[in-house]
Structure formats: C-alpha cells, structure tokens
Amino acid sequence: MKIVVMCGVGLGTSAILKVNAERALDRLDIEASVQATDVAGVRAAAADAQVILTSSELVDAIGKTNADVIVINNYFDVDELVAKLEIALGS
Amino acid sequence: MPLPHLPLDAITIGAHADDWPAAITAAGDALVRSGAATSNYTDRMIEVIREFGAYIVIAPGLALAHARPGADVLADGLCVVTLAEPVAFGHPHNDPVSVIVGLAVTGADDHLQFVAELANVFNDPKVIPALAGATTAEFVQSVFGQTVAPE
Chain A
1 MKIVVMCGVG LGTSAILKVN AERALDRLDI EASVQATDVA GVRAAAADAQ
51 VILTSSELVD AIGKTNADVI VINNYFDVDE LVAKLEIALG S
Chain B
1 MPLPHLPLDA ITIGAHADDW PAAITAAGDA LVRSGAATSN YTDRMIEVIR
51 EFGAYIVIAP GLALAHARPG ADVLADGLCV VTLAEPVAFG HPHNDPVSVI
101 VGLAVTGADD HLQFVAELAN VFNDPKVIPA LAGATTAEFV QSVFGQTVAP
151 E
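Line by line, the protein sequences give chains A and B. So in full-length UniProt numbering, the last one in the first sequence is 91, and the numbering has no gaps at all. So in full-length UniProt numbering, the last one in the second sequence is 151, and the numbering has no gaps at all.
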C-alpha cells in the first residue's frame, strides 16, 4: 500500500506529516510506504497511491486523482491521523 | 541527526507583527541573526505562502515557516518566534497563530531525522500553549532541549 503526503515544497511540513503518518500506521498495524512530495510532483507520486494526506489549503492543487484525499488539520495529532486513516483504509 | 542547536539569538519572545508577512519576517530575522540564512531566505518563506496558501499553519496556533534549500541557507537552522498578539494567516482551522517555528535546511534528503525530532517535541499537545506563554528565551530552549534528550 502506498500513501502520499503532500506540501507546497515537498519538505518540512510534508516530512512532519510523513513521520506522524508512519506512527499512525504503526499503531493501526498497517504496512504502507509513505512518500513525501510537493504540489508539482503529486500527480506522478500519487498515480499508484491509495491515499493522499495534505492540508485543506492544498486540496485544490491536487487535481484529478483516484486516490482518497484526506485533509489533516493538526499534523502533530497522531490520534487524528489514526482515525482518518482507519476510515479511509477501511480496517 | 538531532535538532540543530537552538541558540538564544534564534529565539524572539513577544514579537509584534501586524500581519502574517511581518510574522514570517520576524522568524526570518531570527534565522539571519543566528547565522542559518540570509534575508533572501525570508523572502522565499513568504513567497511559499503567497503561492500555496496558509498550509504551513500545521497545528492550532503554530506556523512552520520554511522554504526549499538554497544558496541563501548557510546552515541547518531552527528558530522560534512567539507573537505578542496572535496573527491570522488565513487557515480555516488553525488560526490564529501565536508561535512560529522557522526551519532552514541545507539539503532535502537528510532533514528527515531532524524533522522527526521536531515531531517528538510537538506531539505533546501542551507544547504549543507552553511556548505561546513563554516569557524567556531560556524557557523555549528548555522545551526543545529536554524533549530531545535520550530516553
């Protein structure tokens, strides 16, 4: 399974989201790779991804995708990530 | 890679900012003071928000100011600015912002461990309110110092 985390420049905020998404996946006992990307790279990165995690501000920049787009409000709240990933991944 | 050193001159307590560009400029100034970046990096941090919006407000009250690596980044660096009056960045959930963490990295690939340490600090929900209420730079240092110590 592949999860893409996206921010404007592909580092910094997306790296924080990647770290905490991996912690949430650990807690859910789900194996997935988490790739950080930027707005310019999201279409290529998400081509084979199930889920894109990002900020509400960036949803429109994603464009058309088959992946589920999940908006994360608090990037430091692993509970929020766990709850939203659980719904999206249907476990 | 642990967090970069957070020297006292990279910390500003109770900065006055009328709007978000002024708040980001205060963070840029702190990175310039501590020798992590030149003022051009400040302009680039502002440009990121103009281009992509307030997504850098990643938690209630907290903005993570940053831009891509570049020639204007002199060293990996971190800064912390607290605002005397919270400032709206335009984020639907996490406004207003009272704490800005500024980040300058020399390379994209090797900053993950460093960001993981930052996540360790901020995964404690008490940290943002504690920083917002900080009255001394030494206290801010201790918030980052004690949490990254070996467990």
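Source of the hints: derived by calculation from the structure; they are not laboratory data. Just so you know, not all the hints are guaranteed correct.
Unchecked claim - Pair ranges (Cβ atoms, derived):
{"#": "1", "chain 1": "A", "residue 1": "Asp48", "chain 2": "B", "residue 2": "Glu138", "range": "44 to 52 Å"}
{"#": "2", "chain 1": "B", "residue 1": "Pro86", "chain 2": "A", "residue 2": "Asp60", "range": "20 to 28 Å"}
{"#": "3", "chain 1": "B", "residue 1": "Asp109", "chain 2": "A", "residue 2": "Met1", "range": "22 to 30 Å"}
{"#": "4", "chain 1": "B", "residue 1": "Gly70", "chain 2": "A", "residue 2": "Ala44", "range": "19 to 27 Å"}
{"#": "5", "chain 1": "A", "residue 1": "Asp60", "chain 2": "B", "residue 2": "Glu138", "range": "19 to 27 Å"}
{"#": "6", "chain 1": "B", "residue 1": "Ser142", "chain 2": "A", "residue 2": "Met1", "range": "35 to 43 Å"}
{"#": "7", "chain 1": "A", "residue 1": "Gly63", "chain 2": "B", "residue 2": "Arg68", "range": "15 to 23 Å"}
{"#": "8", "chain 1": "B", "residue 1": "Glu47", "chain 2": "A", "residue 2": "Arg43", "range": "31 to 39 Å"}
{"#": "9", "chain 1": "A", "residue 1": "Asp60", "chain 2": "B", "residue 2": "Glu47", "range": "25 to 33 Å"}
{"#": "10", "chain 1": "A", "residue 1": "Ser33", "chain 2": "B", "residue 2": "Asp43", "range": "19 to 27 Å"}
{"#": "11", "chain 1": "B", "residue 1": "His93", "chain 2": "A", "residue 2": "Arg43", "range": "22 to 30 Å"}
Yeah, the Cβ is synthetic: ideal placement off N, Cα and C, and Gly gets one too.
The hints, checked one at a time:
no. : hint                             : result
1   : A:Asp48 <-> B:Glu138: 44 to 52 Å : holds, 49 Å
2   : B:Pro86 <-> A:Asp60: 20 to 28 Å  : holds, 26 Å
3   : B:Asp109 <-> A:Met1: 22 to 30 Å  : holds, 24 Å
4   : B:Gly70 <-> A:Ala44: 19 to 27 Å  : holds, 23 Å
5   : A:Asp60 <-> B:Glu138: 19 to 27 Å : violated, 43 Å
6   : B:Ser142 <-> A:Met1: 35 to 43 Å  : holds, 40 Å
7   : A:Gly63 <-> B:Arg68: 15 to 23 Å  : holds, 22 Å
8   : B:Glu47 <-> A:Arg43: 31 to 39 Å  : violated, 22 Å
9   : A:Asp60 <-> B:Glu47: 25 to 33 Å  : violated, 19 Å
10  : A:Ser33 <-> B:Asp43: 19 to 27 Å  : violated, 35 Å
11  : B:His93 <-> A:Arg43: 22 to 30 Å  : holds, 26 Å
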